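So the chains spell out like this:
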Amino acid sequence: KAGVTQTPRYLIKTRGQQVTLSCSPISGHRSVSWYQQTPGQGLQFLFEYFSETQRNKGNFPGRFSGRQFSNSRSEMNVSTLELGDSALYLCASSLAGRQAGEQYFGPGTRLTVT
Amino acid sequence: AQSVTQPDIHITVSEGASLELRCNYSYGATPYLFWYVQSPGQGLQLLLKYFSGDTLVQGIKGFEAEFKRSQSSFNLRKPSVHWSDAAEYFCAVAPSGGYNKLIFGAGTRLAVHP
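Protein sequence lines, in the order shown, are assigned to chains A and B.
If you read the first sequence in my numbering, its first letter stands for residue 1, the second for the next number, and so on.
If you read the second sequence in my numbering, its first letter stands for residue 1001, the second for the next number, and so on.
These aren't lab readings, by the way, just hints derived from the structure by calculation.
Just to be clear, a hint being listed does not mean it is correct.
[As the list claims (entries may be wrong)] A partial selection of chain A residues facing chain B, derived with a Cβ cut-off under 10 angstroms:
no., residue
1, Y35
2, E52
3, S65
[Stated by the list, open to error] In silico lysine to aspartate or glutamate, DMTMM-like type, Cα no more than 25 angstroms apart, as pairs:
no., chain 1, residue 1, chain 2, residue 2
4, B, K1068, A, E102
5, A, K13, A, E82
6, A, K13, A, E102
7, B, K1049, A, E82
8, B, K1049, B, E1066
9, A, K57, A, E102
10, B, K1068, B, D1008
11, B, K1049, B, E1088
12, B, K1061, A, E102
All figures in this text were calculated on a predicted structure; none of them were measured in a lab.
Note that CB positions come from ideal geometry on N, CA and C, so glycine has one too.
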């Protein structure tokens, strides 16, 4: 079974631009979560989608948004990029419904904002 | 608020030596507990998890962890470390009822000397 895939793997953007990252979960997984990883703040939860609905959100500004499609693929969008948005963005998928379950992570998208 | 503490930022061990990585969590009830490993430039791989039941859990790659409610700890152990175990290790908690939101510790970077 194929793992979680994320595209693109690397991205360079300029301050003020917007960016869209994509995540394809493991087949059959309906939950997709997004995390930001930086050297200073570590791994931080952004949001989780389950059956096309956002059911959990972390403490990030509204510039960070996401969505999930009927095939469970998910995208996250960051508008008006800031230098501090440079990070590794990780996507994870899970079979779990209401309770937490095992999450399987993709390789991440490395975003650099200049 | 829930939190996870990994007291050791860096640990160096010799190949063949035993290993223990510490993790303490702050949470009112028993959370779901996880250990993940991250190799450079890679996503996170689940090593093991604790949901309930036997407090000693076995994972992949010869790792085990013990949940101690009285100490709010979930320490990771391996009896004999291999050079390929060099990586960063993250402890995480998922509050019950929090769906798939993971709260991560800051991580422990493990170096293995030959």
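The hints, checked one at a time:
1. Hint status for Y35(A): holds, given a least beta-carbon distance of 7 angstroms to chain B, under 10 angstroms.
2. Using the Cβ-Cβ criterion of 10 angstroms, the hint placing E52(A) at the interface with chain B is not satisfied: the shortest such distance is roughly 15 angstroms.
3. Because the beta carbon of S65(A) sits about 17 angstroms from the nearest beta carbon in chain B, more than 10 angstroms, this interface hint is broken.
4. At roughly 21 angstroms between alpha-carbon atoms, K1068(B) and E102(A) fall within 25 angstroms of each other, so this suggested pair holds.
5. A threshold of 25 angstroms between alpha carbons decides the hint, and for K13(A) with E82(A) the separation of about 10 angstroms falls inside it, so the pair holds.
6. With a CA separation close to 33 angstroms, the supplied pair K13(A) and E102(A) exceeds the 25 angstroms bound.
7. For the suggested pair K1049(B) and E82(A), the alpha carbons sit about 36 angstroms apart, so the restraint of at most 25 angstroms is broken.
8. The suggested pairing of K1049(B) with E1066(B) holds, with an alpha-carbon distance near 10 angstroms, which does not exceed 25 angstroms.
9. Restraint check for K57(A) and E102(A): satisfied, since their Cα atoms lie roughly 18 angstroms apart, inside the 25 angstroms limit.
10. Annotation: proposed proximity of K1068(B) to D1008(B) holds, straight-line Cα distance about 19 angstroms (limit 25 angstroms).
11. A threshold of 25 angstroms between alpha carbons decides the hint, and for K1049(B) with E1088(B) the separation of about 17 angstroms falls inside it, so the pair holds.
12. A distance of roughly 17 angstroms separates the Cα atoms of K1061(B) and E102(A); the hinted pair therefore holds under the 25 angstroms criterion.
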